[in-house]
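For chain A, the structure is supplied; the task is to place chain B on it using the hints.
Residue numbers (this note's numbering), protein chains in the order written: chain A, 1 to 262; chain B, 1001 to 1244.
Derived by calculation from the structure, the hints in this document are not laboratory data.
Each hint should be verified, as a subset may be incorrect.
Once the Cα atoms are required to be at most 20 Å apart in a straight line, the calculated SDA-like pairs of lysine to any residue come out as [stated by the list, open to error]:
id, chain 1, residue 1, chain 2, residue 2
1, B, K1128, A, A187
2, B, K1135, A, R97
3, B, K1135, A, Q96
4, B, K1135, A, T98
5, B, K1128, A, A38
6, B, K1128, A, L154
7, B, K1128, A, D204
8, B, K1221, B, A1196
9, B, K1128, A, T98
10, B, K1135, A, R95
11, B, K1128, A, V23
12, B, K1128, A, A32
13, B, K1128, A, D36
Here the structure is a predicted model, which is why all the values come from computation and not from measurement.
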Amino acid sequence: MSPAALPVRRPAGLSARAWAAGVRLVGARELAAYFDSAIAYVYTIGFVVLANAIFMNEFFLTGTVEMAGFFDRLPLLLAVFLPAVTMRLWAEERRQRTIELLLTLPLTPAQAVLGKYLAAMALYGGFLAGSLPILAMLLALGHPDLGRILGGYLGAASLGSLLIALGMLLSAVSGDQIVAFVLSAVAAFALVLTGNDRVVAVLDGLAPRLGVGTFLYESVSVVPPFDAFVRGLVDLGAIVYFAGGTALFLWLNARRLRRNRA
Amino acid sequence: MIRVERVTKRYGATLAVDDVSFAVNAGEVVGFLGPNGAGKTTVLKMISTWLPPDAGRIEVAGFDVERAPLAVRRNLGYLPEHNALYEGMRVDRLLAFVGRARGLAGARLEERLAWAVDRCALAAVLRKRVQECSKGYRQRIGVAAALLHDPPVLVLDEPTHGLDPVQVVAFRDFLRELRPGRAILFSSHILSEVAAISDRILVIHLGRLLEDAPVAELEGKARAAGRDLEGHVLEIVKAKGTAA
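So here's chain A without its partners, still in its complex pose:
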């Protein structure tokens, strides 16, 4: 059956194409795993129903042809839904011990991390696609500001990217789905709530000299950079914040995999 003398495979330097193929392979498997179980359907339907219901309530109250009502509530919704998406990504691999199968294949930790990240982003893309009927309705009813709406979607993608990368890292660190969900949700809520005026005022009031609330609002919270997108501004600081945060969390995730395999 096998050749008498099996050739040793010399490692050609991994080409960009081969590297991308590995990422795609992991991503496709992960995305299929979401849809193999009820996870993808339940989360997508839950998110779309909730997001659209909240928007419609506000839409009928304000009567304005804009999507601000949708984007304004998005950070809080994502703080619940995205940890639910990311909690299983590494914790489940550890629980089932399939992480040993995955990481003894000729794939780098970076390929595995990026593949899973892209799968979660694709599922999140499905969440956002569920809001397109709102856009269709607004276009039918009037002339919404498409630039601001596009900015809102860019902001939503950037915010989702950051929270997914953070959730993945916490899933890798915790090794347990429930713990990963709680940690990710707490971290996401902290990033969102530090952008709330009342929270900032309370934190500033606790130690007026330190100005903790203002510091967190200006330096840590996702709200100011997200709001910049929602207002239709493509701000370099906001891009750096989201892209840098995503890259940092993905890098830490890959590093964690390299260091703590067993």
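For chain B alone, kept in the frame of chain A given last:
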């Protein structure tokens, strides 16, 4: 093909593998024998690149596991101890995933999948999800996944675990068939199984390699001492293991 030189591994304060050295050459089937907790799995995990050694050096097909892990994995077929598989995946899709990850594509992938499915007798479960398969089938899926890319080095941790007696015999024949040109290292804690398949036996206990000898040589020593092979190996473990 496999070269393990003075390898040590600790888990916290526990010394799991202590200064172990051995080699497995092409065309050799070597059985790794020892009681549960002896350190067999830790050594195999280090060879597979899953665990880094704390000290020493391991080479697979000429590549260092620490410096060139991807090259090692390309040349290695590895069946882990727990043979964890993606439960929700269909067997054919799981094998295709592993094959693609190992660089197979197109007609070559189809050819290797057909070969693995045939040799591991997986046709009946190909369209089932892994979670629907029996333990014996799951073990064969793991072996098929390890062999898909026709690797020159095979490392199998308890490969007959979960197989029924008929399947065990068939697996022994299969392993003999795979031997030409390949270095095969497999672990077991069942001496009769190791003796039946291997050219050479490594005995490990409490993390130390106590014996590295051809089966025929061990059998000869056992006869000379008036013992059976099992009794002789137990004597080695008692004598050298205690001394260690």
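Taking the hints in turn, this is what the structure says about them:
Distance restraint check for B:K1128 and A:A187: the Cα-Cα separation of roughly 40 Å exceeds the 20 Å cut-off, and the hinted pair is therefore not satisfied. For the proposed pair B:K1135 and A:R97, the alpha carbon gap of about 16 Å is at most 20 Å, so the pair holds. A hinted pair counts as satisfied when its Cα atoms are at most 20 Å apart, and B:K1135 with A:Q96 qualifies at roughly 15 Å. Distance hint between B:K1135 and A:T98 is fulfilled; the C-alpha atoms sit about 16 Å from each other, no more than 20 Å.
At most 20 Å may separate the alpha-carbon atoms for a hinted pair to count; B:K1128 and A:A38 meet this at roughly 18 Å. In summary, the hint linking B:K1128 to A:L154 is not supported, as the alpha carbons are separated by about 41 Å, beyond the 20 Å threshold. Proposed proximity of B:K1128 and A:D204 is contradicted: the alpha carbons are some 59 Å apart, above 20 Å. Simply put, B:K1221 and B:A1196 have alpha-carbon atoms about 17 Å apart, close enough for the 20 Å limit, and the pair holds.
Only pairs whose Cα atoms come within 20 Å are accepted, and B:K1128 paired with A:T98 is accepted, the gap being roughly 18 Å. Distance restraint check for B:K1135 and A:R95: the Cα-Cα separation of roughly 18 Å lies within the 20 Å cut-off, and the hinted pair is therefore satisfied. For a cut-off of 20 Å, the pair hint linking B:K1128 to A:V23 is broken: about 26 Å separates their Cα positions. A threshold of 20 Å between alpha carbons decides the hint, and for B:K1128 with A:A32 the separation of about 15 Å falls inside it, so the pair holds.
With a CA separation close to 13 Å, the supplied pair B:K1128 and A:D36 stays within the 20 Å bound.
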